[in-house]
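The chain contents come next:
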Amino acid sequence: MDSRIWQHPIIDFGERKGREIYFNFNGKPIKAYEGETIAAALYASGVRVFGRSIRFQRPRGWFCAIGKCSSCLMKVDGIPNVRTCITLVKDGMNVEYQDPRPNLPEKTEFECEHVKVETDIAVIGGGPAGLSAILSLNELGVDSLIIDENPWLGGQLIKQTHKFFGSKASYAGIRGIKIAEILLGELRKENVKSLENSSVIACYREGKGFKITAVKGHSTLYEIDAKGLLVATGAMENMLAFPNNDLPGVCGAGGVQTLMNVYGVKPGENALMVGAGNVGLIVAYQLAQAGVNVKMIVEAAPKIGGYLVHAAKVRRMGIPILTRHSIKAAIGKDHVEGAVITKLDENWNPIEGTEFEVEVDLICLAVGLTPSTEILMQIGCEHAYVPELGGHVAIHDKFLKTTLDNVYLAGDVSGIEEASTAMMEGKIAAATAAIDMGVNVEKAENLRKKSLHELELLRSSPFSKRVITGKEKVYSLMEEISCG
Amino acid sequence: MGRLHEGVISVEDLKDILPPKERLEKGPVAIIECIESIPCDPCSLVCKQGAIIKPSISTPPRVDYDKCIGCGACVPICPGLAIFMVDYTYSEDKGLVYLPYEFTPLPEKGEEVIALNREGKEVGMAEVVKVITYPDKTSVVCIAVDKDLVMEVRFFRRKENGEKG
Ligand SMILES: Cc1cc2nc3c(=O)[nH]c(=O)nc-3n(C[C@H](O)[C@H](O)[C@H](O)COP(=O)(O)OP(=O)(O)OC[C@H]3O[C@@H](n4cnc5c(N)ncnc54)[C@H](O)[C@@H]3O)c2cc1C
Ligand code: SF4
Ligand code: SF4
Ligand code: FES
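Chains A and B supply the protein sequences, listed in that same order.
If you count the first sequence from 1, position 202 lands on 202 in my numbering, and the numbers rise without skipping.
Here my numbering = 1-based position in the second sequence + 1000.
Next up, chain A with everything else stripped away, as it sits in the complex (with noise of 0.2 Å):
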């Protein structure tokens, strides 16, 4: 079995796989190209199941495909524990199931290199706010740095094949793919110091300064030394509790998104989306143009979330909407092989006697983010939990400061919103990070208006109405705070 995706309306994925490789997979070979994660050439030749729940051994799949789950561990040339989403595949890998609770390897005979690295502003995390951010602190001439985890820079850009709504200022009309690589395009031509494929695993105070350890695979850790920390992390999709929730085919929208859009490998023949909010719309679509079979999509609110016309876009191709219908179970041995879905009363309890099923390989739940904040929480930053945010966020003010001196934030980790805020804030914070080291004070002051005032206009719709709530709320929080 070959599930990649050859033909697609909006990607080139011929020109975009590398060379044929192999690697073995429980001993036996398995064809991959060179760019793709070992899940993604799994996935693609056929592998459904990932590992085994601990007590039970359930069968378990990938869910996230950016790293942040942990439900897609393998262990991979001995060592246990490798997140398989975000580890690219090697000629010659060998890659095995785990022990769900696995042992360290007793002798380690891998090499590790130890890079330590001095900067002024560590940036953590390279999607739409962090590279927007990096940009900026690069031209107001702030010495600083970039880490991301995914082997590539661009976050959640690099799989979003359509075209942003916004304003011009903020790429608007512009695939997502597209503006990541307008974005990477510069930070190569400024010569931008990255780090990608390597994670921070934590991060400490130390003396006025910050200590980040980070780790490259199992090849190189970095022990970085910085004045300053940008914390751009992004979010994580949420799960949603229903029986067998947990069954391998049921996965993020958002990861699934990842799948064929960055690697090019189709996630199903037939699939249920649940959550008519943007990225539920905006994914169904996408994978209809990656020719799977969108049999319907489920919303439990009495509306869809998202925008009328991305909602219209699915309908007008023959997707059903049904609203005030949500998933009652997953059906399905190793893998799905259905869901049951079931009508809501007005107080979002199932209707008994409304269940009937679908026959689907894959139900792809889009039903929320929430903010990857560990790092911020690690260091000490003060939190609150702002439902209209995803959930918990450092408190912060407009200005993105946190309680913490020198630490900023940026992005999807201060509130779930979009890619097109995500780079306004980048920009504010990086500007703010000059102030506070008084580096090109006057020009960084301006950009700060400029973007303050694109924000503004960004988040002039109706639709931004819960997000400045919740935006008001934790700014009043951070004045208490400053007011002692």
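These are computed hints drawn from the structure, not numbers from a lab.
Treat the hints with care, since some could be wrong.
To be verified - Just a sample of chain B residues kept apart from chain A, beta carbon distances all over 10 Å, derived: (1) 1022; (2) 1132; (3) 1158.
Claimed, not checked - Calculated lysine-lysine pairs in the DSBU-like style (CA-CA distance at most 35 Å, straight line): (4) 450/A <-> 168/A; (5) 1015/B <-> 303/A; (6) 450/A <-> 1048/B; (7) 295/A <-> 1164/B; (8) 266/A <-> 1159/B; (9) 168/A <-> 1067/B; (10) 17/A <-> 1137/B; (11) 1015/B <-> 465/A; (12) 1026/B <-> 168/A; (13) 1137/B <-> 189/A; (14) 1109/B <-> 295/A; (15) 1054/B <-> 473/A; (16) 193/A <-> 1137/B; (17) 398/A <-> 189/A; (18) 1121/B <-> 295/A.
To be verified - Label-pair distances were calculated between CB atoms; the ranges are: (19) 483/A <-> 1133/B: 56 to 64 Å; (20) 1104/B <-> 476/A: 49 to 57 Å; (21) 113/A <-> 1157/B: 49 to 57 Å; (22) 322/A <-> 1160/B: 21 to 29 Å; (23) 1146/B <-> 189/A: 53 to 61 Å; (24) 1020/B <-> 318/A: 29 to 37 Å; (25) 1066/B <-> 347/A: 45 to 53 Å; (26) 1010/B <-> 354/A: 21 to 29 Å; (27) 1133/B <-> 185/A: 23 to 31 Å; (28) 246/A <-> 1020/B: 55 to 63 Å; (29) 18/A <-> 1133/B: 24 to 32 Å; (30) 1027/B <-> 243/A: 57 to 65 Å; (31) 1157/B <-> 79/A: 46 to 54 Å.
All values derive from a computational prediction rather than experimental measurement.
Built from N, CA and C at the ideal position, the CB exists for glycine as well.
Guided by the hints, dock chain B with the ligands onto chain A, whose structure is given.
Here is chain B with the ligands on its own, set in the frame of chain A:
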């Protein structure tokens, strides 16, 4: 009750913004089915005639039908794929619908396809009159349908192997 809550737009929802009959009879004209306040403006920037009015980035666009010359430039630009163009002057009994299309393979000129309405329901047959491709990969497909379907048809599907119309 309308069905906007489940993503289906109807002519009724658009009645205040559709061109008057006299304008439709004059030739091709843009139909913008974007009625929500979303922060977006590429349409108003692309129209060289200044026919797309958008007082602020979050106000839904309106077309000044006296200024619109039916050039079609706005159809492939819209990130929401919400702009169409119609032409009632094509022939005695057929009108044209220009629609944005992002699927592969593209239909061929002269091909008979199945016309779909805003809900994806099959409402008749259509003939592909023109396929215009652009470097950014959103193509515009122009199909001819019966005149009474011009305001209903917003998509099409290609016939499957052996399928009859
Ligand atoms: C399907 C879908 C459609 C969307 N459509 C639109 C749209 O049309 N318009 C729009 O404006 N927005 C859209 N968005 C939203 C937009 O993609 C996000 O809001 C945006 O990507 C957030 O940017 P970010 O930089 O904060 O985070 P991300 O893009 O998520 O980037 C975060 C980066 O941080 C890295 N990272 C995280 N933790 C670590 C660590 N410990 N060490 C190192 N690196 C780390 C990750 O690898 C990642 O690359 C869409 C989102 C989805 C899922
Ligand atoms: S068809 Fe041409 S003139 Fe008419 S609104 Fe569109 S871009 Fe403007
Ligand atoms: S470009 Fe399209 S989605 Fe954007 S405002 Fe214009 S019509 Fe609406
Ligand atoms: S960490 Fe690999 S699928 Fe989530």
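The hints, checked one at a time:
{"no.": "1", "hint": "1022", "result": "holds, 27 Å"}
{"no.": "2", "hint": "1132", "result": "holds, 15 Å"}
{"no.": "3", "hint": "1158", "result": "holds, 12 Å"}
{"no.": "4", "hint": "450/A <-> 168/A", "result": "holds, 14 Å"}
{"no.": "5", "hint": "1015/B <-> 303/A", "result": "holds, 22 Å"}
{"no.": "6", "hint": "450/A <-> 1048/B", "result": "holds, 27 Å"}
{"no.": "7", "hint": "295/A <-> 1164/B", "result": "holds, 23 Å"}
{"no.": "8", "hint": "266/A <-> 1159/B", "result": "holds, 23 Å"}
{"no.": "9", "hint": "168/A <-> 1067/B", "result": "holds, 24 Å"}
{"no.": "10", "hint": "17/A <-> 1137/B", "result": "holds, 20 Å"}
{"no.": "11", "hint": "1015/B <-> 465/A", "result": "holds, 28 Å"}
{"no.": "12", "hint": "1026/B <-> 168/A", "result": "holds, 33 Å"}
{"no.": "13", "hint": "1137/B <-> 189/A", "result": "holds, 27 Å"}
{"no.": "14", "hint": "1109/B <-> 295/A", "result": "holds, 30 Å"}
{"no.": "15", "hint": "1054/B <-> 473/A", "result": "holds, 32 Å"}
{"no.": "16", "hint": "193/A <-> 1137/B", "result": "holds, 33 Å"}
{"no.": "17", "hint": "398/A <-> 189/A", "result": "holds, 30 Å"}
{"no.": "18", "hint": "1121/B <-> 295/A", "result": "holds, 15 Å"}
{"no.": "19", "hint": "483/A <-> 1133/B: 56 to 64 Å", "result": "holds, 60 Å"}
{"no.": "20", "hint": "1104/B <-> 476/A: 49 to 57 Å", "result": "holds, 51 Å"}
{"no.": "21", "hint": "113/A <-> 1157/B: 49 to 57 Å", "result": "holds, 56 Å"}
{"no.": "22", "hint": "322/A <-> 1160/B: 21 to 29 Å", "result": "holds, 25 Å"}
{"no.": "23", "hint": "1146/B <-> 189/A: 53 to 61 Å", "result": "holds, 54 Å"}
{"no.": "24", "hint": "1020/B <-> 318/A: 29 to 37 Å", "result": "holds, 31 Å"}
{"no.": "25", "hint": "1066/B <-> 347/A: 45 to 53 Å", "result": "holds, 51 Å"}
{"no.": "26", "hint": "1010/B <-> 354/A: 21 to 29 Å", "result": "holds, 26 Å"}
{"no.": "27", "hint": "1133/B <-> 185/A: 23 to 31 Å", "result": "holds, 25 Å"}
{"no.": "28", "hint": "246/A <-> 1020/B: 55 to 63 Å", "result": "holds, 58 Å"}
{"no.": "29", "hint": "18/A <-> 1133/B: 24 to 32 Å", "result": "holds, 28 Å"}
{"no.": "30", "hint": "1027/B <-> 243/A: 57 to 65 Å", "result": "holds, 58 Å"}
{"no.": "31", "hint": "1157/B <-> 79/A: 46 to 54 Å", "result": "holds, 49 Å"}
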